[in-house]
Amino acid sequence: MLIDGTDERLLGALADGLPLCPRPFEEVGRWLSLSEGQVLSRLRRLIGEGVVTRFGLIVRHRELGYTSNAMVVWDVPDPLLVGLAHKAIQFEFVTLCYERPRRLPDWPYNLFCMIHGKDRQTVLNQLKQINKETGLQYWPHDVLFSGKRFKQKGARYHAAPELKRGAA
Amino acid sequence: MMTKFNTLEEKVLNKYQRDFPLVPRPYDQIAGQLGITEADLLDILGNLQDRHVIGRVGAVVKPQTVGASTLAAMRVPKHRLGKVASVVSSFEAVNHNYEREHQLNLWFVVTAADDAGVKTVLFEIEKQTGIEVIDLPLQTSFHIDLGFDLKC
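Each protein sequence line maps, in turn, to chains A and B. For the first sequence, our numbering assigns the number 2 to the initial residue and increments by one for each residue that follows. For the second sequence, our numbering assigns the number -10 to the initial residue and increments by one for each residue that follows.
Hints in this document: simulated from the structure, not taken from any laboratory. Don't take every hint at face value.
[To be verified] Simulated pairs of lysine-lysine, DSS-like, Cα-Cα distance not exceeding 30 Å: (1) B:K0 <-> A:K119; (2) A:K133 <-> A:K88; (3) A:K88 <-> B:K67; (4) A:K152 <-> B:K51; (5) B:K108 <-> A:K152; (6) A:K152 <-> B:K72; (7) B:K108 <-> B:K51; (8) B:K0 <-> B:K67.
[As the list claims (entries may be wrong)] Pair ranges (Cβ atoms, derived): (9) A:R103 <-> B:T26: 48 to 56 Å; (10) A:L105 <-> B:Q18: 50 to 58 Å; (11) A:R45 <-> B:G35: 25 to 33 Å; (12) B:G24 <-> A:D79: 30 to 38 Å; (13) B:S79 <-> A:P106: 46 to 54 Å; (14) B:L23 <-> A:I48: 41 to 49 Å; (15) A:R121 <-> B:H41: 20 to 28 Å; (16) B:E113 <-> A:K149: 16 to 24 Å.
Here the structure is a predicted model, which is why all the values come from computation and not from measurement. Every residue gets a Cβ at the ideal spot worked out from N, C-alpha and C, and that includes glycine.
Bound-form chain B, shown alone (with noise of 0.2 Å):
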């Protein structure tokens, strides 16, 4: 699973993860400190695109800020699991989904414009599954992200 990448590859995901410039030609500034074209950049980040090194260039938003989610968590007998899991990502609103080893063993996070758009999902995955939904939502947030170290 581990992705190797070049010396470039490397700076560019170390130093963009935070720093990105927020100028009219950002990529062109991003190539000139590291000594190459703007094309050759594009490349690079189109490149780990498809490699899904990332995800995209974007913003992280802070919790509770902009509309309104939560995490949610479910008991799937593991027989079923695959098939919940893709009812549970088959909804737009779902954007990281993933096994748990635990008794509730399925993890979800459900954003939406408002509370009653996050709730509505989940009463929906609820009656499509028939599993009850635990909703967690977040209450504090005591830590932000601020992006991966490549060289810990």
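Only chain A is shown next, with the shape it has when bound in the complex (with noise of 0.2 Å):
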């Protein structure tokens, strides 16, 4: 997967949203002194190589009504962390599936999944059929619902181009 500067500047440039005028590439390429054309296909490249998974509205699923976002993690012995991971994504309402490092002794836990639900009931009725159907239910684990929110926007891994953005 070839990334180079120009794209990571392509992508710092995302990170604030693409903006809303008729031709949102074209501005997006005078930020970065590049054609509308060639910011298409720098984008339609990056979708085609996995490096951007999805371009579309990023909506907040608190504002849609997702309110109960819960971080299950288990502690499952490595070797089968890889087979139980597929069996937990199979189930349309984990939304995000994880391998992360052990912190003993303050963290246990390897395996993490989210489910987004919307209301506390129903995710944690969704977890025990993720337990049983998969066989995660021998394993230590724990369900780490979110409380406030702090602070939700796009990742930047790169320092965006001072740049006006909006309405052109």
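Two chains, two separate frames, one set of hints: put the complex together.
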């Protein structure tokens, strides 16, 4: 997967969002001294190569009514992790699934799934279902519901250009 | 907290989290598919953004392909949570910052150009708050974010 400096600048420029104007890719190109065609072909390539996994409206789940956002974590034996993770992601309510390191003694868990649900009981029922149907119930687990949201914005991997955005 | 949407907004939200057209005039094309004008669509999108339903129109980047990031957690005494959370949020490199129900009660994501950038932010947060930061970088990702279905 090849990403050059221009790709990084392009993704950086998009971190604040594609402008809402008739020719948004031309506008982004203007920030980066690229043509509209170059912006579009770079984006298509980044999507084709799997660097960009999704391009479109990024919604804020709480405002859509998904107010119960739970991080479910398990401590599973390392050799079983990949197999169990592949079972867990079969459930459509699992929106993300990751392996992360344990940090003993504070943090014993290595498998993480995000479940976004409209209420707590639904999420707990969904967890019960995953646990039962995958065999994950046999391993220590915990569920961390989200409380107050202090900040949510797009990831910024690179300094964005110092330019105005918005309506052209 | 639940926001109500009209049919048009619902269509826009359901369809264009994924199939956003990569063409010179994407909003015009979407508007055409919905039978409205480009100006109307831009109004709808601007309005959804003002209501904080849409964060942005943008790219979700596969973890670990561009830059570096980590998930970090802190055990913050309850009476200090608001203050510590604002210190954490004040870093440009922090994009998500949530309270969670656990002894480790503050969780946030740090992204930077490289690992050194991430580590610097974690170190600064520890220095400014006096609280240990648990660093839980991604090792394997099994799932990609496909957006949300409004009708769930």
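For each hint, the structure was consulted:
Between the alpha carbons of K0 (chain B) and K119 (chain A) the distance comes to roughly 20 Å, so the proposed pair stays at or under 30 Å and holds. Proximity of K133 (chain A) to K88 (chain A) is assessed by CA-CA distance (about 11 Å); at most 30 Å being required, the pair is judged to hold. This hinted pair does not check out: K88 (chain A) and K67 (chain B) have alpha carbons roughly 36 Å apart, beyond 30 Å. Between K152 (chain A) and K51 (chain B), the direct Cα distance comes to roughly 21 Å. Compliance with the 30 Å bound is thereby established for this hinted pair.
About 20 Å separates the Cα atoms of K108 (chain B) and K152 (chain A), which keeps this hinted pair within 30 Å; it holds. With a C-alpha separation of about 13 Å, the suggested pairing of K152 (chain A) with K72 (chain B) holds against the 30 Å cut-off. Pair hint K108 (chain B) plus K51 (chain B) holds up; C-alpha atoms about 20 Å apart against a cutoff of 30 Å. Our distance criterion of 30 Å between C-alpha atoms is broken by K0 (chain B) and K67 (chain B), whose separation comes to about 42 Å.
Between R103 (chain A) and T26 (chain B) the beta carbons are some 55 Å apart, a value that agrees with the proposed interval 48 to 56 Å. The hinted range of 50 to 58 Å is satisfied by L105 (chain A) and Q18 (chain B), whose Cβ atoms lie roughly 53 Å apart. For the pair R45 (chain A) and G35 (chain B), the beta carbons lie near 26 Å from each other, so the given range of 25 to 33 Å is met. Separation of G24 (chain B) from D79 (chain A) is about 54 Å and departs from the stated range, judged on CB atoms against 30 to 38 Å.
Distance hint for S79 (chain B) and P106 (chain A): a CB-CB separation of about 30 Å, inconsistent with the stated range 46 to 54 Å. Between L23 (chain B) and I48 (chain A) the Cβ separation comes to about 23 Å, which falls outside the hinted range of 41 to 49 Å. Between R121 (chain A) and H41 (chain B) the beta carbon distance is about 22 Å. The supplied range of 20 to 28 Å therefore holds. Between E113 (chain B) and K149 (chain A) the beta carbon distance is about 22 Å. The supplied range of 16 to 24 Å therefore holds.
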